[in-house]
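J.: This is what each chain is made of:
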Amino acid sequence: MTTLTIDGRQVEALRGSTVLEAARENHIEIPTLCYHEALEPYAGCRLCVVELVTPKGSQLVASCVYAAEDGLVVKTNSGIVQESRRMTVELLLAAAPKAKVIQDLAAEMGIEEPRVSLGDSDCILCGLCVRACKEIVGANAISLVNRGFAKEVKPPFEIGSNACTGCTTCVLVCPTGAIKLEDVLDSRSVHRWESDFEARECKICGDHYLAPEFAPDLKELLGEEEV
Amino acid sequence: MKTIRTPAELEELRGSLAREQDPARRVISLCGGTGCRALGSDSVFEALVERIEAENMGNQVTLRMTGCPGFCEKGPLMVIQPEGIFYHGVKVDEVPEIVTRTLTTGEMIDSLLYVDPSTGEKIAYEREIPFYKKQRPLLLEMNEKIDPTSITDYIALGGYGSLSKVLSQMTAEEVIDEVTEAKLRGRGGAGFPTGLKWRISREAPGDTKYVVCNADEGDPGAFMDRAILEGNPHRVLEGMVIGGYAIGADEGFVYVRAEYPLAAKHLAIAITQAREYGLLGKDILGSGFDFDVQIRLGAGAFVCGEETALMASIEGRTGEPRPRPPYPSQSGLWGKPTNINNVKTWGNVPIIIENGADWYAELGTEGSKGTKIFSVVGKINNTGLVEVPMGTTLRQLIFDVGGGIPNDKEFKAVQIGGPSGGCIPKEHLDTPIDYESLTELGAMMGSGGMVVTDEDTCMVDFARFFMNFVQDESCGKCVPCRLGTRAMLEVLTRITEGKGQEGDMKYLAELGQQIRASSLCGLGQTAPNPVLSTLRYFPDEYEAHIRDKSCPAHVCRPLIQYFIDVETCNGCGRCLRTCPAEAISGAKKERHVIDQDLCIKCGSCQEVCRFDAVIVE
Ligand SMILES: Cc1cc2nc3c(=O)[nH]c(=O)nc-3n(C[C@H](O)[C@H](O)[C@H](O)COP(=O)(O)O)c2cc1C
Ligand code: SF4
Ligand code: FES
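Going down the list, the sequences are from chains A and B. Position 52 (the first sequence) corresponds to 53 in the numbering used here; numbering is contiguous. Position 227 (the second sequence) corresponds to 264 in the numbering used here; numbering is contiguous.
Some clues are possibly wrong.
In silico DSS-like cross-links for lysine-lysine, where the CA-CA straight-line distance does not exceed 30 Å [what the hints assert, rightly or not]:
id, chain 1, residue 1, chain 2, residue 2
1, A, Lys152, B, Lys536
2, B, Lys543, B, Lys586
3, B, Lys543, A, Lys101
4, B, Lys373, B, Lys302
Selected chain B positions facing chain A (in silico; Cβ < 10 Å) [said to hold, decoys possible]:
id, residue
5, Pro362
6, Arg519
7, Met525
8, Leu557
Selected chain B positions facing chain A (in silico; Cβ < 7 Å) [claimed, not checked]:
id, residue
9, Gly513
10, Leu520
11, Ala524
For the record, the hints were derived by calculation from the structure and aren't laboratory data. Just so it is clear, the structure is predicted and the values come from calculations on it, not from any experiment. Built from N, CA and C at the ideal position, the CB exists for glycine as well.
Start from the sequences and build out the full structure, keeping to the hints where you can.
T.: Here's what the structure looks like:
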């Protein structure tokens, strides 16, 4: 175990955990946007910053990646932490004013109008969908392309990705609801990636299933016969 | 060539190379750096070869295409020894005269001599040119003395002597101690103590370790690292082998930006030669130490110079930074301890070993030792590469070496540290150049970019220029940098367009502080510097734009108007014919007027007016 001080409290955490994990383990809340416990940390949103207090002075670090080491002293809600989070949320609101998560965070912090306008995107580039597709599904059907303000998530070559299996993990993990799923009786579309799947009716139970893309192995297994 | 197997064999080779040299022999060094090549030094070289052959002088003259001596603006540059005659702006049709007059009798060709802009006098010898006189070339010194594609040129001047000394007389610990005592600090920007970094890399657990030379050099307009790799690649290699020995690595990478083909080529030649001579590879100089180097070409993004992004790029992944810790010295390439240093840092190592830590630590200030190379551009008479001892004041650098500001204009500020450095105003011209002083003033040492501005520069517009660069080069991974720098650009843009609002200065300062404090990597952490430093030193320029909707330097187009003065205009019609927007009217010999609705504020009328009748307000 590792012992560290969070918000004046001595807490214990498993060796190898991050400050964020140590805090959550001890019921200390730190807001996050790009973190998901099932995925590799990304450290992009910077909402999880905490104040690291050292003899040389204070500094902000991203708790989702900073290792919880013995003797660390961190503050999760100090003045400089709050100021930093406020600015981050104001910027996100300027770029994605219609995203509900961001509106909620802004309201919590009392931010009404961002002081600049940076567009009207529904994606905050947290990268959760990309990591989920890569790390959990293993499909690598989408990726982050371009840099800076032009950065976006795209399937390769901007056309419907062959690698997409229509599993909808990205839809589930997206915090802003930017990835729309349309499941009608005999088709499924993940519009953002321009992935369309034809669903077929099972001759036995009458339910619909995605085929043949979703179950190529099954098809092979059963030859050309319809299930 | 047979492999050099021992330090004694290296000495023997050096001795025989020295004996071959005749100090009275004529040597022509023609700069073959990228700058001079762009100005035609390749064809000058060919013409020289032909002419020397035609005159049958081949056995009396040595002709050498060298690296860059720094005064690129005046290229192609030529230095003729033994006198040290300095010719600039040499062209092919001047070659016959150079060969028949200067090479035979040492007679100087007047038209090729350098004219000191401040005195108007001609100066014949390189060592007497003010630009060079006040410099202290340590790293650049050999550039004009050797052919970078010849390992024997380097060996003849003592090259690889430091490596030989290290491998035969010093333990790894002693090498690290020497570098530590010399107080060498990283030349890539942050100034981290090199000895300490080496020690951390050495002590990091693991059998496989790497050294990396960072030659990404993404600062626009800066080319210090390029000049060294092009002009003296063996010096950098020698430094890396010594570093490898010190930290316990047997493999090194040089990450060169793809826009530097000549540097990569010279480096590749140097690596091949060093292998042939046994100075890279297995059992170097019989010491049992193995070390080899590979080149990796960079993808060309500014952020790839950041060490974690650089490593990602070497590993074949997207060049995006990752959070530190862990630092590369603990976990770098493929998770192994990796010691990354800048080209100039590596280049300093053989110099320290050769002369000793005490000698080296004599140069510079308490906290910043050795020399620093700057790439000086902007509103300054002598642009080019300048190497001065640490502790030189900005005034000495800009006025003594740089020759001051052209056209009798007044100096306004100097931007130091590249696109994310800061602007230092004239009140601080007597500041010594060292890491701490520059940081205190809101600038930073950076890797050596320096832009000089004069009274005609608008500091808001200047800050906007750099912000535009960094927001474009942001990798976009983290919010403060991706959106924060963009927000700063938006605000700066509206200020320069006369749409600035009350509160904008405060907002910029807040944004700057937050971006600095919460960004993931050094790009974001330093990106606000140009804005924060201009806010600090030139608040009245910002205020003038925001409150009075005026640009004091008359640069921001939406805030200026061109007028023709009634008294001075004599109706010559020059401006009327020049104006691309057809905004000027007036009969011949009568006063002309500018239609403000049509004027696009290009300033052409002002440029062509012979009577200074066009005024800006
Ligand atoms: C955005 C950014 C760009 C950088 N570019 C360079 C570069 O072009 N060359 C360089 O040597 N260091 C660059 N650095 C610094 C490196 O990350 C690293 O600190 C340096 O290579 C270490 O070498 P040194 O200790 O010898 O200075 C950059 C850093 C940042 C944040
Ligand atoms: S600070 Fe900028 S360049 Fe660095 S990781 Fe964040 S977005 Fe990328
Ligand atoms: S949760 Fe740590 S940076 Fe996003």
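J.: Under the constraints set out in the numbered hints, which ones does this structure not fulfil?
T.: none
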